[in-house]
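2 protein chains.
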Amino acid sequence: MASSPRVRLDPATRREQLLSLGVRLLATRPLEQLSIETLAEAAGISRGLLYHYFGSKVQFHEAVVRRAADELIEATSPPPGEDQLARLAYSMAAYLDYVVENHEGYLSLVKGAASGNESLRAIYQESRAVLTDRLFTEDPDGLMLPDTPQTRLVVHAWAAMVEGLVLQWAERPAGVSRDEVLAILNGSLPALIELAR
Amino acid sequence: MASSPRVRLDPATRREQLLSLGVRLLATRPLEQLSIETLAEAAGISRGLLYHYFGSKVQFHEAVVRRAADELIEATSPPPGEDQLARLAYSMAAYLDYVVENHEGYLSLVKGAASGNESLRAIYQESRAVLTDRLFTEDPDGLMLPDTPQTRLVVHAWAAMVEGLVLQWAERPAGVSRDEVLAILNGSLPALIELAR
Numbered sequence: 001m002a003s004s005p006r007v008r009l010d011p012a013t014r015r016e017q018l019l020s021l022g023v024r025l026l027a028t029r030p031l032e033q034l035s036i037e038t039l040a041e042a043a044g045i046s047r048g049l050l051y052h053y054f055g056s057k058v059q060f061h062e063a064v065v066r067r068a069a070d071e072l073i074e075a076t077s078p079p080p081g082e083d084q085l086a087r088l089a090y091s092m093a094a095y096l097d098y099v100v101e102n103h104e105g106y107l108s109l110v111k112g113a114a115s116g117n118e119s120l121r122a123i124y125q126e127s128r129a130v131l132t133d134r135l136f137t138e139d140p141d142g143l144m145l146p147d148t149p150q151t152r153l154v155v156h157a158w159a160a161m162v163e164g165l166v167l168q169w170a171e172r173p174a175g176v177s178r179d180e181v182l183a184i185l186n187g188s189l190p191a192l193i194e195l196a197r
Numbered sequence: 198m199a200s201s202p203r204v205r206l207d208p209a210t211r212r213e214q215l216l217s218l219g220v221r222l223l224a225t226r227p228l229e230q231l232s233i234e235t236l237a238e239a240a241g242i243s244r245g246l247l248y249h250y251f252g253s254k255v256q257f258h259e260a261v262v263r264r265a266a267d268e269l270i271e272a273t274s275p276p277p278g279e280d281q282l283a284r285l286a287y288s289m290a291a292y293l294d295y296v297v298e299n300h301e302g303y304l305s306l307v308k309g310a311a312s313g314n315e316s317l318r319a320i321y322q323e324s325r326a327v328l329t330d331r332l333f334t335e336d337p338d339g340l341m342l343p344d345t346p347q348t349r350l351v352v353h354a355w356a357a358m359v360e361g362l363v364l365q366w367a368e369r370p371a372g373v374s375r376d377e378v379l380a381i382l383n384g385s386l387p388a389l390i391e392l393a394r
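Same order as they appear, the protein sequences are chains A and B. So that you can map any letter, position 180 of the first sequence is 180 in my numbering, and since no number is skipped, the others follow by simple counting. All you need for my numbering is the position in the second sequence, starting with 1, plus 197.
No lab work stands behind these hints, which were simulated from the structure alone. Any given hint could turn out to be false.
Claimed, not checked - If we take Cβ atoms under 7 Å as the criterion, some of the chain B residues that face chain A in the derived model are:
| # | residue |
| --- | --- |
| 1 | V297 |
| 2 | A311 |
| 3 | S312 |
| 4 | I381 |
| 5 | P387 |
Unchecked claim - Straight-line C-alpha distance at most 30 Å; calculated DSS-like pairs for lysine-lysine:
| # | chain 1 | residue 1 | chain 2 | residue 2 |
| --- | --- | --- | --- | --- |
| 6 | B | K254 | A | K111 |
| 7 | B | K308 | A | K57 |
| 8 | A | K57 | A | K111 |
Stated by the list, open to error - Non-contacting residues of chain A with respect to chain B, defined by C-beta distances greater than 10 Å in every case (computed):
| # | residue |
| --- | --- |
| 9 | L25 |
| 10 | A27 |
| 11 | I36 |
| 12 | A40 |
| 13 | E41 |
| 14 | G48 |
| 15 | V58 |
| 16 | A114 |
| 17 | S115 |
| 18 | V130 |
| 19 | A159 |
| 20 | E163 |
| 21 | Q168 |
| 22 | S188 |
| 23 | E194 |
The beta carbon of each residue, even a glycine, is placed where N, CA and C say it ideally should be.
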């Protein structure tokens, strides 16, 4: 009965824990510096056991990035029942805080996707699609976002703007407050949609 | 007196011609497919002579991309004397047409810069800085763009939006007209600046 808690975990639970640890480590370093060695040391287990759980370094990286993207999607998911602008404000605040807290890892995903790494690109595009499709599917009244080629194009471009703004501010926040950033993020979508009507 | 015109060109002029040809070839193919062989064949000269002009494939690529960026800067430079919104409209139309006409090459620059290729990144950032600084320096009345940390951040993000929108539309224009794209591009900067005041 004196076995350590670690030993009693089933493999799936253990893998989940390792993924969460990987995501936390990724917050403060680029993906290419998240080695199996780093995670093994942080988790206090052997490199061999990590390869057992993840197969290869590439698969480990993919799994961590996918988990990080899932966490972003969940964190930015607004509570039901609010109107669309309130949901947008919730998502924007959560997105901003996520990127600030996970700056290095998020930047790795963006760079990796842009550089043509196919699996990172797929994860990036899937999660962006979830984040932007949400804007179209969760407005039963259709007040803000009619689903047209024009608004789809604008939302695509707006997402690039949001990402660029938040990454830039996370890197150089001097002179601009969080509230000012949020005012721009929240106001920009309605303003751009108005231009595309 | 019967020597071919090619022979009479001095080396600097010849190099200029080869660079222009490289830029034209880059319009319709990604940078990694713009080989010394491709250019040598298109120019009707030997690979050896191209190496003589450019030193290496990497230097050749850099020179072509830098030339393409210079052409973009020149093409989008508005005539003097107009008001700021007219200059903005001129630049946006020129930028849109440039990206549509040079889609593959422009995409290569964006991807190369994002992937961390240092020389492409430098060229990309320099040209983006020229394009956006223009917005701050050419408005003697300061009507639209007060130079504050807020507007700098917005212009940075707006540039990402413009690029995302134009690249997306160049790839999938269906359902959205050039005029509709331009209305969004031209209206978005004043609308975003308003949010940042």
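Each hint, compared with the structure:
no., hint, verdict
1, V297, "violated (14 Å)"
2, A311, "holds (3 Å)"
3, S312, "holds (3 Å)"
4, I381, "holds (5 Å)"
5, P387, "violated (9 Å)"
6, K254/B to K111/A, "holds (24 Å)"
7, K308/B to K57/A, "holds (24 Å)"
8, K57/A to K111/A, "holds (18 Å)"
9, L25, "holds (21 Å)"
10, A27, "holds (20 Å)"
11, I36, "holds (22 Å)"
12, A40, "holds (27 Å)"
13, E41, "holds (26 Å)"
14, G48, "holds (31 Å)"
15, V58, "holds (17 Å)"
16, A114, "violated (3 Å)"
17, S115, "violated (3 Å)"
18, V130, "holds (18 Å)"
19, A159, "violated (7 Å)"
20, E163, "violated (7 Å)"
21, Q168, "violated (5 Å)"
22, S188, "violated (6 Å)"
23, E194, "violated (8 Å)"
Hint violations for this structure: numbers 1, 5, 16, 17, 19, 20, 21, 22 and 23, all remaining hints satisfied.
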